Structure formats: C-alpha cells, structure tokens
Amino acid sequence: MRAYILIRTKPGTSEEVVKRIKERVKEVVQADSIYGRYDAIVIIEAPNLESINEIVYKVIGKDPNIIHTETSLTLH
1 MRAYILIRTK
11 PGTSEEVVKR
21 IKERVKEVVQ
31 ADSIYGRYDA
41 IVIIEAPNLE
51 SINEIVYKVI
61 GKDPNIIHTE
71 TSLTLH
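Here the sequence shown is numbered in the working numbering, starting from 1 and rising by one per residue.
No lab work stands behind these hints, which were simulated from the structure alone. Where hints are given, some of them may not hold.
Mimicking BS3-like on lysine-lysine, the simulated pairs with C-alpha atoms at most 27 angstroms apart in a straight line are [to be verified]:
(1) K26 x K10
(2) K26 x K58
(3) K22 x K62
(4) K62 x K26
(5) K19 x K62
Per label pair, the in silico range of CB-to-CB distance [said to hold, decoys possible]:
(6) R2 x R24: 10 to 20 angstroms
(7) K10 x H76: 26 to 36 angstroms
(8) I41 x L75: 16 to 26 angstroms
(9) L75 x P11: 29 to 39 angstroms
(10) G12 x L49: 30 to 40 angstroms
(11) I34 x V59: 17 to 27 angstroms
(12) N48 x G12: 29 to 39 angstroms
From a predicted model like this one, the values you see are computed outputs, not experimental measurements. For every residue, glycine included, the Cβ atom is placed at its ideal position computed from N, Cα and C.
With the hints as extra help, turn the sequences into a complete structure.
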C-alpha cells in the first residue's frame, strides 16, 4: 500500500523535517521539500493501513516542526 503525505511545516524547517523523516522511517520511497501550499511531500510504502497509520501519527505527526499533514492512499 502506498501513501502520499503532504506536509506543512513551520517556516524554514522543511528541509530539516524531510531529512529527519528519511532517517526515521524506513518505508520512505521518496521525500522532498516542495514549493506551493505544502512544504514537503513524503511517499511511503507499507503492507497495510495500520502500518501507515502508525507511521503518520506516531512518527511523522510527532515532529514539532510539522504544522499539518494530509495523507492520500492509492486505490490499488
């Protein structure tokens, strides 16, 4: 199962947040700082929804520089 996680960070912290996520989350396929409404995008692959929930809420969501996340899951 693949998830696309859009992240809004505190100003000036997106590169630091992306680096930290890459170090902490082995399921990361790609993670980049981006321009636009969000500051970063992270793509993860995990075996099931429970694993994705754990990553999003217990690892990524705990970062003090993250203001908001929006997660989209693939259909197949």
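Does the structure keep K26 and K58 at a Cα separation of 27 angstroms or less? Holds - the C-alpha atoms of K58 and K26 are around 14 angstroms apart, at most 27 angstroms.
Does the beta carbon distance between L75 and P11 stay inside 29 to 39 angstroms, or does it fall outside? 34 angstroms, holds
Original post:
Given a hinted range of 26 to 36 angstroms, is it respected by the beta-carbon distance of K10 and H76?
Top reply: About 35 angstroms separates the Cβ atoms of K10 and H76, which means 26 to 36 angstroms holds.
How does the Cβ-Cβ distance of R2 and R24 compare with 10 to 20 angstroms: does it lie in that range? Holds - the Cβ-Cβ distance for R2 and R24, about 19 angstroms, lies within 10 to 20 angstroms.
### Task
Decide if the proposed pair is consistent with the structure: K19 and K62, CA atoms, cutoff 27 angstroms inclusive.
Cα-Cα ~15 angstroms, so holds.
#### Entry: Hint check for G12 and N48 - Cβ pair distance inside 29 to 39 angstroms
35 angstroms, holds
message: Given the hinted pair K26 and K10, is their Cα-Cα distance within 27 angstroms?
response: Holds, at about 24 angstroms.
Starting from K22, check that the Cα of K62 is at most 27 angstroms away, please. The hint holds at about 14 angstroms.
Query - Distance restraint hint 16 to 26 angstroms, applied to the beta-carbon atoms of I41 and L75 - result: 18 angstroms, holds
Is the distance from the Cβ of G12 to the Cβ of L49 consistent with 30 to 40 angstroms? Holds, since G12 and L49 (Cβ atoms, about 33 angstroms apart) stay within the stated range.
### Task
Would you mind confirming whether the straight-line C-alpha gap from K62 to K26 stays at or under 27 angstroms?
Distance of about 16 angstroms is within 27 angstroms: holds.
- Item | Range hint compliance [Cβ, I34 to V59, 17 to 27 angstroms] | 20 angstroms, holds
The earlier numbered hints are all upheld by this structure, with none contradicted.
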